[in-house]
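Peer 1: The working numbering applies: residue 49 is where the sequence shown begins, and numbers increase by one.
Everything labelled a hint here was simulated from the structure, so no lab data went into it. Mixed in with the good hints, there may be bad ones.
20 angstroms max Cα-Cα, derived EDC-like pairs, lysine to aspartate or glutamate [what the hints assert, rightly or not]: (1) Lys56 to Asp67; (2) Lys54 to Glu64; (3) Lys55 to Asp67.
Since the model is a prediction, treat every value here as computed from it, not as a measurement.
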Amino acid sequence: MYNSSKKKEISEICQEISDSILLGICVPLSEAQN
């Protein structure tokens with residue numbers, strides 16, 4: 049149980065991080081294109 053809950057916690061954090069990275073990359077790119 050501990051491992052699975054920890055795994056979910058880590059994956060959720062990674063999702064948030066990847067979302068932030070995507071925003072940090074995609075927003076400047078889309079602004080540059082406009």
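Peer 1: Hinted pair, alpha-carbon criterion (20 angstroms max): Lys56, Asp67. Please report holds or violated.
Peer 2: holds (16 angstroms)
Peer 1: For the pair supplied as a hint, Lys55 and Asp67, is the alpha-carbon distance within the 20 angstroms limit?
Peer 2: holds (18 angstroms)
Peer 1: Holds or violated: are the alpha carbons of Lys54 and Glu64 at most 20 angstroms from each other?
Peer 2: Satisfied, since the Cα-Cα distance of roughly 15 angstroms is no more than 20 angstroms.
The structure meets every hint from the earlier list without exception.
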